[in-house]
Amino acid sequence: MVKLKQISVFLENKSGRLSELTRVLGEHEINIRALSIADTEDFGILRLIVNDPEKAWKVLKERGFTVSGTRIIAVEIPDVPGGLAGVLEILEAHAINIEYIYAFVGQRRGNAVVVFRVEDIDNAVKILQEKGFHLLDGEEIY
Amino acid sequence: MLLIWNLEYESMSRPRLTELQLKRLREIVAKVYAKVPYYRRKMEEAGIKPEDIRSLDDLVHLPFTTKEDLRENYPFGLFAVPMEEVVRIHASSGTTGKMTVVGYTRNDIKVWAQVMARTLACAGGTANDRIQVAYGYGLFTGGLGVHYGAEMMGATVIPISGGNTRRQIQIMKDFATTILACTPSYALYLAEGAAEEGIDPRELPLRAGIFGAEPWSVNMRREIEEKLGITAIDIYGLSEVIGPGVASECLEQNGLHVFEDHFLVEVVDPGTGKQLPPGEKGELVFTTLTKEAFPVIRYRTRDISILYPEPCACGRTMTRMHRILGRTDDMLIIRGVNVFPTQIESALLEIGETEPHYMLVVDRQKKLDELEVWVEVSEELFSDEVRKMENLESRIRQKIESSLGIGVRVKLVEPKTIPRSEGKAKRVVDRRDIYG
Chain D
1 MVKLKQISVF
11 LENKSGRLSE
21 LTRVLGEHEI
31 NIRALSIADT
41 EDFGILRLIV
51 NDPEKAWKVL
61 KERGFTVSGT
71 RIIAVEIPDV
81 PGGLAGVLEI
91 LEAHAINIEY
101 IYAFVGQRRG
111 NAVVVFRVED
121 IDNAVKILQE
131 KGFHLLDGEE
141 IY
Chain F
143 MLLIWNLEYE
153 SMSRPRLTEL
163 QLKRLREIVA
173 KVYAKVPYYR
183 RKMEEAGIKP
193 EDIRSLDDLV
203 HLPFTTKEDL
213 RENYPFGLFA
223 VPMEEVVRIH
233 ASSGTTGKMT
243 VVGYTRNDIK
253 VWAQVMARTL
263 ACAGGTANDR
273 IQVAYGYGLF
283 TGGLGVHYGA
293 EMMGATVIPI
303 SGGNTRRQIQ
313 IMKDFATTIL
323 ACTPSYALYL
333 AEGAAEEGID
343 PRELPLRAGI
353 FGAEPWSVNM
363 RREIEEKLGI
373 TAIDIYGLSE
383 VIGPGVASEC
393 LEQNGLHVFE
403 DHFLVEVVDP
413 GTGKQLPPGE
423 KGELVFTTLT
433 KEAFPVIRYR
443 TRDISILYPE
453 PCACGRTMTR
463 MHRILGRTDD
473 MLIIRGVNVF
483 PTQIESALLE
493 IGETEPHYML
503 VVDRQKKLDE
513 LEVWVEVSEE
523 LFSDEVRKME
533 NLESRIRQKI
543 ESSLGIGVRV
553 KLVEPKTIPR
563 SEGKAKRVVD
573 RRDIYG
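Residue numbers (our numbering), protein chains in the order written: chain D, 1 to 142; chain F, 143 to 578.
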């Protein structure tokens, strides 16, 4: 399964919320693989790839966070100048709209890993795999 | 010697006034009994007939009229005259988006102008004054109410209506306005606006203001008086009774004289409905004694006050009521507009929220009331895309604004941020210091 589960959490812009959230995950032995925060003046949206999304979803909900799940893909990209551009050009050529992207911390087999949230995920998977890109499987993450 | 507009009535001895009130009360009760089926039915249910009113003490046997009664009879069900005799309609916002509609005959408009002229005279106004009416004109009673009273007095009316602060200041200066009529918060806002324009309002001819449609504090009055260099007079009114002109402070600034020859006033215990003696705090209840198109019998205002029947040093004998001390319900008055938390609730329900958790935070920013609506983000509403969340925020804002008719700021907050007491959410946080 290459359509990975991402956890999104609504966070008000007030001090201590992010540390509280990460502490909750830590207490439950949940490891964060990748994360990004999109923020506005009043609130932020935290997006997380973790080793156990079901458990993360459950414990965060129990602690009163607003949580939702989204499917994303994580693409291995050669860690060289122009690497990301190559993927974006392919998606653009196939008119696949990107909602947002962010990167994993660290390399995997010498490659960078970039998370894509796209409108037409099935089509994106098909096209990128045809072009020979490796999309991370759930088993490689969880 | 300061002018008392209707000297004969405003300084009438108590026995004569009581006699006049009783005569008028009997007439109005007989009239609504005959002309308004809803009142007749309520009186029949209470087992009372117009002829049972033999003294003012019998008033307590009459059933109350509430905001719900008005809503049930939307729009014209409680009118006591045929529509051809109604020359004016006014309306104010209500709890469920349904407005409270009131009507006036030609004579009602005349009475209203009379009581407003009294109000202006209470503030020391005469035909020599130039009165800048910065209350909104339209369905809201503020603008037109003051306007007609000022004209009757023979003063020069400047019907500028609300808003456009810069122009208000320009006109105040160029036209040499002497009396300003607006909400107290707008008066302060104007004072600051003038300062920004490099104008010291204390050096202008402005000498008095009649401020109402909004609760305010003693401190705020002091601030307005200091910054504008004027005497600030508190006025009271509500469209259900007539509009502005139900009661007004005189220059003694020691309570508001209720124009009792037209409006019979009581204070009742908001819980039991039992009439309270003078000096005790409770809910104001009015019976209109002379209104033709839209008389009300024992109307529950939900405003909290105290009555002081002792005559005043100004020469008026009319009972004084304390500056409004609060509300019995959770209604807020923001920039002269009535706001009920339930209006916010219905707007959120329309957005698709099944069990909205929200809170209204009212603050006085830059001297103007600001309403912030906090909405807890539930899972149904949450999207992990910023664009969609911002879109949600603006949809909520537009929905609320179109329902309330005033601008609001919407803030999305995390679940359980809004304090709950005994499972019930606290809906209103009023940070305005209005009762200090």
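A few of these clues could be false.
[As the list claims (entries may be wrong)] BS3-like cross-link-like pairs, simulated, lysine-lysine; straight-line CA separation at most 30 Å: (1) K209/F with K61/D; (2) K558/F with K55/D; (3) K191/F with K209/F; (4) K541/F with K165/F; (5) K558/F with K61/D; (6) K58/D with K558/F; (7) K184/F with K423/F; (8) K553/F with K184/F; (9) K416/F with K369/F; (10) K240/F with K61/D; (11) K131/D with K58/D; (12) K58/D with K14/D; (13) K553/F with K5/D; (14) K369/F with K252/F; (15) K530/F with K126/D; (16) K416/F with K173/F; (17) K240/F with K58/D; (18) K177/F with K5/D; (19) K55/D with K131/D; (20) K55/D with K530/F; (21) K5/D with K126/D; (22) K184/F with K14/D; (23) K240/F with K177/F; (24) K14/D with K530/F; (25) K191/F with K165/F; (26) K553/F with K3/D; (27) K5/D with K558/F; (28) K55/D with K14/D; (29) K558/F with K530/F; (30) K553/F with K58/D; (31) K541/F with K530/F; (32) K209/F with K177/F; (33) K553/F with K177/F; (34) K126/D with K61/D; (35) K553/F with K14/D; (36) K14/D with K177/F; (37) K177/F with K541/F.
The set of hints was computed from the structure by calculation and includes no laboratory data.
Consistency of the hints with the structure:
1. K209/F with K61/D: violated (42 Å)
2. K558/F with K55/D: Roughly 22 Å between the alpha carbons, so the hint for K558/F and K55/D holds.
3. K191/F with K209/F: holds (23 Å)
4. K541/F with K165/F: violated (49 Å)
5. K558/F with K61/D: holds (12 Å)
6. K58/D with K558/F: Roughly 17 Å separates the two Cα atoms, so the pair holds.
7. K184/F with K423/F: holds (27 Å)
8. K553/F with K184/F: violated (45 Å)
9. K416/F with K369/F: violated (42 Å)
10. K240/F with K61/D: Violated: K240/F and K61/D sit about 39 Å apart, past 30 Å.
11. K131/D with K58/D: violated (37 Å)
12. K58/D with K14/D: Given that 30 Å is the threshold and the Cα spacing comes to 23 Å, the pair holds.
13. K553/F with K5/D: Holds: K553/F and K5/D sit about 29 Å apart, inside 30 Å.
14. K369/F with K252/F: violated (35 Å)
15. K530/F with K126/D: With a Cα-Cα distance of about 27 Å, the restraint between K530/F and K126/D holds, given a limit of 30 Å.
16. K416/F with K173/F: Holds. K416/F to K173/F sits at ~25 Å (cutoff 30 Å).
17. K240/F with K58/D: Given pair K240/F, K58/D is violated - Cα atoms ~43 Å apart, limit 30 Å.
18. K177/F with K5/D: violated (70 Å)
19. K55/D with K131/D: Violated, at about 34 Å.
20. K55/D with K530/F: Measuring from Cα to Cα gives roughly 26 Å; hence the hint holds.
21. K5/D with K126/D: With Cα atoms ~18 Å apart, K5/D and K126/D stay inside 30 Å; holds.
22. K184/F with K14/D: The hint is violated at about 54 Å.
23. K240/F with K177/F: The given pair, whose Cα atoms are some 24 Å apart, holds under the 30 Å limit.
24. K14/D with K530/F: holds (21 Å)
25. K191/F with K165/F: holds (15 Å)
26. K553/F with K3/D: It is violated: about 33 Å lies between the C-alpha atoms, which goes past 30 Å.
27. K5/D with K558/F: holds (26 Å)
28. K55/D with K14/D: Distance of about 25 Å is within 30 Å: holds.
29. K558/F with K530/F: Roughly 22 Å between the alpha carbons, so the hint for K558/F and K530/F holds.
30. K553/F with K58/D: holds (26 Å)
31. K541/F with K530/F: holds (16 Å)
32. K209/F with K177/F: It holds: about 20 Å lies between the C-alpha atoms, which stays within 30 Å.
33. K553/F with K177/F: violated (49 Å)
34. K126/D with K61/D: violated (33 Å)
35. K553/F with K14/D: It holds: about 13 Å lies between the C-alpha atoms, which stays within 30 Å.
36. K14/D with K177/F: violated (60 Å)
37. K177/F with K541/F: Outside the cut-off at roughly 39 Å; violated.
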